[in-house]
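Using the sequences provided together with the hints, build the complete structure.
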Amino acid sequence: KQEVTQIPAALSVPEGENLVLNCSFTDSAIYNLQWFRQDPGKGLTSLLLIQSSQREQTSGRLNASLDKSSGRSTLYIAASQPGDSATYLCAVGSDSWGKLQFGAGTQVVVTP
Amino acid sequence: DTAVSQTPKYLVTQMGNDKSIKCEQNLGHDTMYWYKQDSKKFLKIMFSYNNKELIINETVPNRFSPKSPDKAHLNLHINSLELGDSAVYFCASSQVVAGELFFGEGSRLTVL
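Chains as they are written, first to last, in the working numbering: chain A, 1 to 112; chain B, 113 to 224.
If you're looking for bench data, these hints aren't it; they were derived computationally from the structure. Incorrect hints may appear among the rest.
Quick list of in silico lysine-lysine cross-link-like pairs, DSSO-like style, CA-CA up to 27 Å [to be verified]:
(1) K134(B) to K179(B)
(2) K42(A) to K134(B)
(3) K148(B) to K1(A)
(4) K42(A) to K121(B)
(5) K121(B) to K153(B)
(6) K183(B) to K131(B)
(7) K152(B) to K134(B)
(8) K131(B) to K153(B)
(9) K1(A) to K183(B)
(10) K1(A) to K156(B)
(11) K164(B) to K179(B)
(12) K131(B) to K42(A)
(13) K148(B) to K42(A)
(14) K152(B) to K1(A)
(15) K164(B) to K121(B)
(16) K183(B) to K152(B)
(17) K42(A) to K183(B)
(18) K156(B) to K68(A)
(19) K121(B) to K179(B)
(20) K42(A) to K179(B)
(21) K164(B) to K148(B)
Computed beta-carbon distance windows for the label pairs [what the hints assert, rightly or not]:
(22) K179(B) to Y76(A): 35 to 43 Å
(23) S12(A) to N163(B): 27 to 35 Å
(24) D182(B) to Y76(A): 39 to 47 Å
Rough simulated footprint, nothing fancy, chain A against chain B, three-plus residues with beta-carbon under 8 Å [unchecked claim]:
(25) 144-155
(26) 159-168
(27) 210-216
Note that CB positions come from ideal geometry on N, CA and C, so glycine has one too.
Shown next, in the form of structure tokens:
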């Protein structure tokens, strides 16, 4: 059974610093991997989707890498801003049916 | 113009009651999902429909019954509510099966 772990559970950084968020998974036979952010009391917002054949995806200040062999994905957020404060969730899709296994998330606080 | 909308946003009810949560998406997506986020914030998939056909049915009590009257709607009916059903229920959609997920804002169910 796929297990997804996100460490640390919480992170606080000063504004302007780069953020590095980690996601590890136990079964390297994945279909895809998605990163989301969740604001308090809100739904999840998709940030990046990486297919199993891809090594990375980029969108603006966000870059996500995928290393299936080591069971890891890393989300980089450049030049963090207070508006980046949220919980970031990693979700691994292990098949083509769309069933995602979520990590518990990393709660990020960016201080002005 | 909300892409994935759920109603109601909050629901407080007594044990033993029956309740429904409705979900609608205006993105033209083919696939819709129900996820449950428990008190520990873990997100778990419950059901998925593709073109009104059930494709994912996780180990969920049969008190939970999804219904998809058309591609744009996916409802969740819960019979004989129990205390452990208290959670936030999220609806999501994707253009294709296992595609990028778009979430609604969630429906917080509290069973007393």
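Hints, one by one, checked against the model:
For the hint pairing K134(B) with K179(B), the CA-to-CA distance comes to about 10 Å; that is within 27 Å, so the pair holds. Restraint check for K42(A) and K134(B): the C-alpha separation of about 17 Å stays at or below 27 Å, so the hint holds. With a C-alpha separation of about 19 Å, the suggested pair K148(B) and K1(A) falls inside the 27 Å cut-off, and the hint holds. The straight-line distance between the Cα atoms of K42(A) and K121(B) is roughly 10 Å, inside the 27 Å bound, and the hint therefore holds.
At most 27 Å may separate the alpha-carbon atoms for a hinted pair to count; K121(B) and K153(B) meet this at roughly 17 Å. For the suggested pair K183(B) and K131(B), the alpha carbons sit about 22 Å apart, so the restraint of at most 27 Å is met. Taken as a hint, the K152(B) and K134(B) pair is honoured in the structure, with Cα atoms around 24 Å apart against an allowance of 27 Å. Of the supplied pair hints, the one linking K131(B) and K153(B) holds, its CA atoms being roughly 22 Å apart against a limit of 27 Å.
Proposed proximity of K1(A) and K183(B) is contradicted: the alpha carbons are some 30 Å apart, above 27 Å. This hinted pair checks out: K1(A) and K156(B) have alpha carbons roughly 14 Å apart, not beyond 27 Å. Using a Cα cut-off of 27 Å, the hinted pair K164(B) and K179(B) holds, with the two alpha carbons roughly 8 Å apart. A hinted pair counts as satisfied when its Cα atoms are at most 27 Å apart, and K131(B) with K42(A) qualifies at roughly 22 Å.
The straight-line distance between the Cα atoms of K148(B) and K42(A) is roughly 14 Å, inside the 27 Å bound, and the hint therefore holds. Taking the CA atoms of K152(B) and K1(A), the gap is near 20 Å; set against the 27 Å cutoff, the hint holds. A hinted pair counts as satisfied when its Cα atoms are at most 27 Å apart, and K164(B) with K121(B) qualifies at roughly 24 Å. At roughly 31 Å between alpha-carbon atoms, K183(B) and K152(B) are farther apart than 27 Å, so this suggested pair is violated.
Our distance criterion of 27 Å between C-alpha atoms is met by K42(A) and K183(B), whose separation comes to about 24 Å. With a C-alpha separation of about 22 Å, the suggested pair K156(B) and K68(A) falls inside the 27 Å cut-off, and the hint holds. Restraint check for K121(B) and K179(B): the C-alpha separation of about 19 Å stays at or below 27 Å, so the hint holds. Taking the CA atoms of K42(A) and K179(B), the gap is near 24 Å; set against the 27 Å cutoff, the hint holds.
Among the hinted pairs, K164(B) with K148(B) is consistent with the structure: their alpha-carbon atoms are about 20 Å apart, no more than 27 Å. For the hinted restraint 35 to 43 Å between K179(B) and Y76(A), the CB-CB distance of approximately 41 Å keeps it satisfied. S12(A) and N163(B) have their C-beta atoms about 45 Å apart, which leaves the hinted 27 to 35 Å range violated. Between D182(B) and Y76(A), the C-beta spacing of about 40 Å keeps the proposed range 39 to 47 Å intact.
Check result for the region 144-155 of chain B against chain A: holds, 5 residues qualifying (beta carbon to beta carbon below 8 Å, three or more required). Check on the region 159-168 of chain B: 3 of its residues sit with their Cβ under 8 Å from a Cβ of chain A, so the three-residue criterion for coverage holds. Taking a C-beta to C-beta cut-off of 8 Å, the region 210-216 of chain B contributes 7 residues in contact with chain A, enough for the three needed, and the coverage statement holds.
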